[in-house]
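Following the hints, complete the assembly by docking chain B onto the known chain A.
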Amino acid sequence: MPFKVGIAQIGPRLGDVDFNFQKHLQYIKKAREENIDLLVFPELSLTGYYLQDLSREIALSLDDPRLKELLDVSREISLVVGLAEKSEGFPYISALYLEDGEIKHVHRKVHLPTHGMFEDAKYFARGDRIRAFDSRFGRMGLLICRDAWHLSSGYILAQDRARYLILINASPVRGVRGNVPDPDSMLKNLFTVYAYYLNFYLFFAHRVGFEDGLAYYGGSVIVNPFGQIEASGPYFQEALITGIVDEGIWLRKNSLVPLRRDEDLGMVLKELERISYERESG
Amino acid sequence: MKEKVVDLTLNTKLAVDVIVRFLREETGKFGFNKLVLGLSGGVDSSLVAYLSVEALGKENVFPYFLPYKSTDPQSEIDALFMAETLGLSLRKIDITPMIDAYFELEPEADKVRRGNKMARERMAILFDQAMAHSAMVVGSSNKTELLLGYSTWYGDMACSLMPIGDLYKTQIWQMAKDLGLPPQIVKKVPTADLWPGQTDEGELGFQYLLADQILYLLVDERLSPVEVEKKGFSGDLIERIVKRVERYQFKRRMPPICKLSPRTIGWDFNYLRDWGK
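For the record, the sequence lines run as chains A and B. If you use the numbering used here, the first sequence corresponds to residues 1 to 282, in order. If you use the numbering used here, the second sequence corresponds to residues 1001 to 1277, in order.
Just chain A, with the same shape it has in the complex (with noise of 0.2 angstroms):
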């Protein structure tokens, strides 16, 4: 059955989970108005992106009452929602998928960038598995913004036989010589790589609006496993775009291009397994 999935492209407040939540609510409101299926928010989307110090103060634990709320609504539309998570330790970035009343995925964010302007591993937990999970429209996967450029993480929800790839980000402008922000061209790239090559449906929700000096760009889409782009958000403003995704081009391009039934998992596993054992005899 085909279904219509929305993405709210949202810039949240630094910090103020209450104003956030309430945007989710809001936002949520059109959606069902649109009679959308499952609408996905982007990264840390009840938080805001550069927590520093804050990520402890604010970090919400999955019995939150605003997530119950939440947990309500799913019963008529299923939610992505990110945020951080607390734990004994740092939080977690996570990503909910919250569907039937239930939290029917929790993703970690696995890769954590540290470097030049960015601080996740300072702040925050490493997650340590990425999985696929069923969902009412079919197998799902979850990752978040920097697990995408690690190609294993796209590789593996493939393998475990994810049709839908939920990809949520944060991604500060960068560069502003080419004709569209950068790393928006690089990222789309990388998109109709995994849309086509590792044949998913992929819905790609960043967030807008400014932290500090940081501008996200927005720019969400929709791709087909053709890699073609169906829905495109704007750049650099908040918006909710739809798409009506169809299991049967799916089950199409899968048959067409059978680069899943030809995957040989063993002998991947077998080269992984060589060379994790020569790196760690040296």
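Some hints here could point you the wrong way.
With a Cα cut of at most 27 angstroms, we get these calculated DSS-like pairs of lysine-lysine [as the list claims (entries may be wrong)]:
id : chain 1 : residue 1 : chain 2 : residue 2
1  : A       : K122      : B       : K1277
2  : A       : K23       : B       : K1029
3  : A       : K23       : B       : K1277
4  : B       : K1277     : A       : K86
5  : B       : K1111     : A       : K122
6  : A       : K29       : B       : K1092
7  : B       : K1111     : B       : K1069
8  : A       : K30       : B       : K1029
9  : B       : K1277     : A       : K68
10 : B       : K1013     : A       : K188
11 : B       : K1277     : A       : K30
12 : B       : K1277     : A       : K29
FYI, nobody ran anything at the bench for these hints, they're computed from the structure. As the structure is a prediction and not an experimental result, all values here were calculated from the model.
Chain B alone, transformed into the frame defined by chain A:
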């Protein structure tokens, strides 16, 4: 050597889009919708005036021309022309009485001390005017002068927002030209105009065209001085630039706080300015 080894050309439309949104958001979040700026008649402050008007509308931008008695009369003509072009009314406040009153007490002061005092006097006036208008002070420092430390600490560097602080001087020329700023302003010889005959390139001892390319390779591309020299730039010039960048790092940082406690501002008390905004 070739004059242009590295291409620093911007996508002006995209850069302006980001800057305009930056000015709008970073004022709005703090409950402001007005900007105050010093308009000298030079390209940097003219460009900032243009961007400010784009962001907040001409009724919300308040430019000030703040001359000293030695200020080149052409500066006033250019500042007025720029303000009129943007539909702004330019307020002139002569800083001569304030500066002269102080230096009557310090007659031995050299031109650098006098120039710094002028820059700080202008800063004090702009912040006071910002208070009067419930506005923020928008600065005109560019990346080249910030890196070279070619500005007055707590003088022209002091402001609430730096919209063009990540643009090299040559990129500012390009942007100003692309946006159709008056040619006499874009083509003007850059000067702080703190004393008669002063020019940036005269005082620095090198051209912006070369300095920007060297800075870009060192800072943005992270090449080593040796690698930059291999691109065809003078080793002596590279060394002078590297030394300036290092020497003036202090101007780009908050003053160091002597750490005495487990949690110290600037060391382990880390929040963005946009905290809660």
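Hint-by-hint comparison with the structure:
The suggested pairing of K122/A with K1277/B holds, with an alpha-carbon distance near 22 angstroms, which does not exceed 27 angstroms. For the hint linking K23/A to K1029/B, the alpha-carbon distance of about 16 angstroms falls within 27 angstroms, and the restraint holds. Note on K23/A and K1277/B: the hinted pairing holds, with a Cα-Cα distance of about 14 angstroms set against a maximum of 27 angstroms. For the given pair, K1277/B sits about 22 angstroms from K86/A by alpha-carbon distance, which is consistent with the 27 angstroms threshold.
Of the pairs offered as hints, the one joining K1111/B and K122/A is violated, with about 47 angstroms between alpha carbons and a cut-off of 27 angstroms exceeded. With a C-alpha separation of about 52 angstroms, the suggested pair K29/A and K1092/B falls outside the 27 angstroms cut-off, and the hint is violated. The hinted pair formed by K1111/B and K1069/B meets the criterion: a straight-line CA distance of about 14 angstroms does not exceed 27 angstroms. Between K30/A and K1029/B the alpha-carbon distance is near 24 angstroms, which keeps this suggested pair within the 27 angstroms criterion.
For a cut-off of 27 angstroms, the pair hint linking K1277/B to K68/A stands: about 25 angstroms separates their Cα positions. Taking the CA atoms of K1013/B and K188/A, the gap is near 21 angstroms; set against the 27 angstroms cutoff, the hint holds. Under the criterion of a C-alpha separation no larger than 27 angstroms, the hint pairing K1277/B with K30/A is consistent with the structure, at around 24 angstroms. A threshold of 27 angstroms between alpha carbons decides the hint, and for K1277/B with K29/A the separation of about 24 angstroms falls inside it, so the pair holds.
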